[in-house]
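Peer 1: If you want the building blocks of each chain, they are given just below.
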Amino acid sequence: GQNIDQPTEMTATEGAIVQINCTYQTSGFNGLFWYQQHAGEAPTFLSYNVLDGLEEKGRFSSFLSRSKGYSYLLLKELQMKDSASYLCAVHSGYALNFGKGTSLLVTP
Amino acid sequence: DAGVIQSPRHEVTEMGQEVTLRCKPISGHNSLFWYRQTMMRGLELLIYFNNNVPIDDSGMPEDRFSAKMPNASFSTLKIQPSEPRDSAVYFCASSSHGGKQETQYFGPGTRLLVL
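Heads up: the protein sequence lines correspond to chains U and F, in order. Every number in the numbering used here is 1 more than the matching position in the first sequence, counting from 1. Every number in the numbering used here is 7 more than the matching position in the second sequence, counting from 1.
Quick caveat, the hints were computed from the structure, so don't treat them as lab data. On a predicted model such as this, the values are computed, not experimentally measured, just so you know. Where a beta carbon is used, it is the ideal one built from N, C-alpha and C, also for glycine. Just so you know, not all the hints are guaranteed correct.
Said to hold, decoys possible - Pairwise CB distance ranges (calculated):
(1) F/19 / U/60: 34 to 40 Å
(2) F/71 / U/68: 41 to 47 Å
(3) U/82 / F/58: 46 to 52 Å
(4) F/48 / U/60: 15 to 21 Å
(5) F/24 / U/8: 34 to 40 Å
(6) U/93 / F/88: 42 to 48 Å
(7) F/48 / U/93: 14 to 20 Å
(8) F/88 / U/31: 36 to 42 Å
(9) F/71 / U/51: 34 to 40 Å
(10) U/94 / F/24: 32 to 38 Å
Stated by the list, open to error - Which bits of chain F does chain U cover? Going by a derived footprint, with three or more residues having C-beta under 8 Å, they are:
(11) 54-62
(12) 79-86
Could you put the whole structure together from the sequences, leaning on the hints where they help?
Peer 2: Below is the structure:
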């Protein structure tokens, strides 16, 4: 079966750093994706990890530990526009299996 | 590129009516996915096409749902008859199968409300 867990909600302050965790148990693993989804919009690609370690892309970084079935998305220098849902998705076979998303609220 | 295109963007219909959702994938992409998103269940894969052929439709809820991909640039998802529990946002996504990363790119979605 597929099981992907992430916190339902998080709140952080503008300018701060926030870490969104994702744990997974899936049959097969071809990589882990993070998507951002603003309310009423489509998910948009943020990052991809297939090997252990940290991938940095501007203010966003994503980490993967395959042995622990664990990933996190790190958002630095938070801005109000970062308020959105962040979806962790594991690529196994051809399919993307999505977590239910973490709703992040950035406050002034 | 215009990205994945979906129509209509919003659909309100009455229970029992037929609903047809349309998708145009990104040019050159050979994989197409239909997803449904609800608050309760999140994003669920309904069906996956590769090179216009349905590969996995195990996520299709029941016989009321059907999907076709007559050519590389067009796909439809049909619900007949529709029921209130079908109310959700339906996303189409496409990717380039065989690529190193196979990132899926999502369309804007169709927001369906069945009364």
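Peer 1: Decide, hint by hint, whether the structure agrees.
Peer 2: Tested hints:
1. F/19 / U/60: 34 to 40 Å: holds (39 Å)
2. F/71 / U/68: 41 to 47 Å: Distance hint for residue 71 of chain F, residue 68 of chain U holds at roughly 43 Å.
3. U/82 / F/58: 46 to 52 Å: Check failed, 38 Å falls outside 46 to 52 Å.
4. F/48 / U/60: 15 to 21 Å: For residue 60 of chain U against residue 48 of chain F, whose Cβ atoms are near 31 Å apart, the range 15 to 21 Å is violated.
5. F/24 / U/8: 34 to 40 Å: holds (39 Å)
6. U/93 / F/88: 42 to 48 Å: Violated, since residue 93 of chain U and residue 88 of chain F (Cβ atoms, about 34 Å apart) do not stay within the stated range.
7. F/48 / U/93: 14 to 20 Å: Since residue 48 of chain F and residue 93 of chain U have Cβ atoms about 19 Å apart, the given range 14 to 20 Å holds.
8. F/88 / U/31: 36 to 42 Å: holds (38 Å)
9. F/71 / U/51: 34 to 40 Å: holds (37 Å)
10. U/94 / F/24: 32 to 38 Å: holds (35 Å)
11. 54-62: holds (count 3)
12. 79-86: violated (count 0)
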